[in-house]
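Engineer: Listed here are the chains, written in short residue letters.
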Amino acid sequence: MKYNAVTVTQLNKYIKDRFEEDENLNAILVKGEISNFKNHYTGHLYFTLKDENSLIKCIMFKSYAERLAFKPKDGMKVMVFGAVSVFERDGVYQIYAKSLLEDGMGDLHEQFEQLKAKLEKEGLFDETHKKPIPLYPKVVGVLTSQTGAVIRDIINVSTRRNPNVYIRLLPVPVQGPGAAERIAEKIKMMNEQKLADVIIVGRGGGSLEDLWPFNEEIVARAIYESELPIISAVGHETDFTIADFVADLRAPTPSAAAELAVPDVYDLKQKIINYQNRCRISLKKQIELMRLKFEKCVKSRAFTDPMRRIRDMDVVLDSYVQKMENKMKHIQKEKQSKYIELVAKLDTLSPLKTLTRGYVLTEKDGVLVKSAKDLKVNDEVKLRFHDGEKIARVN
Amino acid sequence: MSKENFEESMKTLEAIVSELENGNLNLDESVKKFEEGMKIAKQCNTILENAEKKITILLEKDGELKEEDFDAE
Chain A
1 MKYNAVTVTQ LNKYIKDRFE EDENLNAILV KGEISNFKNH YTGHLYFTLK DENSLIKCIM
61 FKSYAERLAF KPKDGMKVMV FGAVSVFERD GVYQIYAKSL LEDGMGDLHE QFEQLKAKLE
121 KEGLFDETHK KPIPLYPKVV GVLTSQTGAV IRDIINVSTR RNPNVYIRLL PVPVQGPGAA
181 ERIAEKIKMM NEQKLADVII VGRGGGSLED LWPFNEEIVA RAIYESELPI ISAVGHETDF
241 TIADFVADLR APTPSAAAEL AVPDVYDLKQ KIINYQNRCR ISLKKQIELM RLKFEKCVKS
301 RAFTDPMRRI RDMDVVLDSY VQKMENKMKH IQKEKQSKYI ELVAKLDTLS PLKTLTRGYV
361 LTEKDGVLVK SAKDLKVNDE VKLRFHDGEK IARVN
Chain B
1 MSKENFEESM KTLEAIVSEL ENGNLNLDES VKKFEEGMKI AKQCNTILEN AEKKITILLE
61 KDGELKEEDF DAE
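Which chain is which? The protein sequence lines are A and B, in order. Going by the working numbering, 186 is the number at position 186 of the first sequence; the sequence numbering is gapless. Going by the working numbering, 14 is the number at position 14 of the second sequence; the sequence numbering is gapless.
Same shape as in the complex, but just chain A (with noise of 0.2 Å):
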């Protein structure tokens, strides 16, 4: 038997080629686990992707790289796509990667949004059953890890607004199993022993697998029956956690929640002031009103001439009186024509200017004497002259 050999090179380049010709290989997804991972300073990376069986190495290019919207590192658990070549050089195939997912976000968001349309369909979402957050604190509950920036950010912004304030930390795992459990925990304890007026539960910022306990139904449920308010601080502003719906207020950062939970003295004391000021005016503008009240009273006629209304009076009754006085005057006058010109119509048909002109009435035993018939002789008869009486006797 014949055998024609062939160089190393020769065997990998056709290999190489083998692969390359290959749908599949060109164009694969793979997820595993990242291990091993190198950030060279060329830029490139290079890691190990493995299950639990098998590996794979895998090389992700500079210009690749740059594009990644996480940091790699090692025990994520990834999804990887590139082709699947050789490296003729070392003889070794492996994946030439230009993108990676974090494996298990998808199913993460989902769980997210499943969980949170229970609990929002359930009510633990509704405006009405939140609680507010006191005025004051006498003590502010911090459930949050003991070591870290969030717990530093919370005290240091708290004691700027209140130099006095009254902190208490209930340290708690804010991430990893079991970390959820503890949180819900600790915020029964807080309610059950009465440990603060308001309770800050939070944790800094990080990937969502990190965030995940404040995903979690327990801690969910722990927030919506805690009878103390609660104050959700979880990552930074974009990241929303099931813990900020549940939360009686959402602070978009543990600085914020602070800012929220702690009431700035200095403007507390301003306001005490301004109360005290708005009290001060309004007394004494009342008083003042009183006073221009009296003043007007004090400079009314009323008091300063007393007399003028008499006097008033006096005028009018003055002038009733001359009415009445003219009045008088002209009925008189009129009453006084009248039997002037009654007395000049008796005066003309008085029989007495008769008697002027002559004629005589006769009377005999006092009753005038109308016709001769009357008279019989020696009749004595009283004769009526103007300007007298004679005695007569009939012949």
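Hints are not guaranteed to be accurate.
[As the list claims (entries may be wrong)] With a Cα cut of at most 20 Å, we get these calculated DMTMM-like pairs of lysine to aspartate or glutamate: (1) A:K284 - B:E21; (2) A:K269 - B:E35; (3) A:K194 - B:E60; (4) B:K42 - A:D264; (5) A:K50 - A:D74; (6) A:K31 - A:E102; (7) A:K130 - B:E7; (8) A:K131 - B:E7; (9) A:K121 - A:E110; (10) A:K138 - B:E67; (11) A:K77 - A:E52; (12) A:K285 - B:E19; (13) A:K299 - A:E288; (14) B:K53 - A:D267; (15) A:K382 - A:E363; (16) A:K130 - A:D248; (17) A:K285 - B:E14.
For the record, the hints were derived by calculation from the structure and aren't laboratory data.
Assemble the complex: chain A is given as a structure, and chain B must be docked to it using the hints.
Structural biologist: Chain B only, in chain A's frame:
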């Protein structure tokens, strides 16, 4: 005086200010309200002044909570 009282007092104070500003009280009533307001304001201020700074950590030891001073630095 507890913190509820601080919050309540601030509310009462606010109500007194509104009453005084509405001007529906006679002078006697106003003076009484004014004195009450000044007293409450002073009490509120005292609460703020007399608070004591405390930063503590609650640690579980043998199933019991112990409160200790906490230094974040």
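Engineer: Next step is simple, just say for each hint if it's right about the structure.
Structural biologist: Hint check:
1. A:K284 - B:E21: holds, 11 Å
2. A:K269 - B:E35: Satisfied, since the Cα-Cα distance of roughly 19 Å is no more than 20 Å.
3. A:K194 - B:E60: holds, 16 Å
4. B:K42 - A:D264: holds, 18 Å
5. A:K50 - A:D74: Distance ~11 Å between K50 of chain A and D74 of chain A Cα, so the pair holds.
6. A:K31 - A:E102: Holds, at about 9 Å.
7. A:K130 - B:E7: holds, 18 Å
8. A:K131 - B:E7: holds, 15 Å
9. A:K121 - A:E110: Between K121 of chain A and E110 of chain A the Cα gap is close to 17 Å, so the pair holds against 20 Å.
10. A:K138 - B:E67: holds, 16 Å
11. A:K77 - A:E52: holds, 12 Å
12. A:K285 - B:E19: holds, 13 Å
13. A:K299 - A:E288: holds, 16 Å
14. B:K53 - A:D267: Holds, because 18 Å separates the two Cα atoms, which is no more than 20 Å.
15. A:K382 - A:E363: Distance ~5 Å between K382 of chain A and E363 of chain A Cα, so the pair holds.
16. A:K130 - A:D248: Roughly 5 Å between the alpha carbons, so the hint for K130 of chain A and D248 of chain A holds.
17. A:K285 - B:E14: Roughly 18 Å between the alpha carbons, so the hint for K285 of chain A and E14 of chain B holds.
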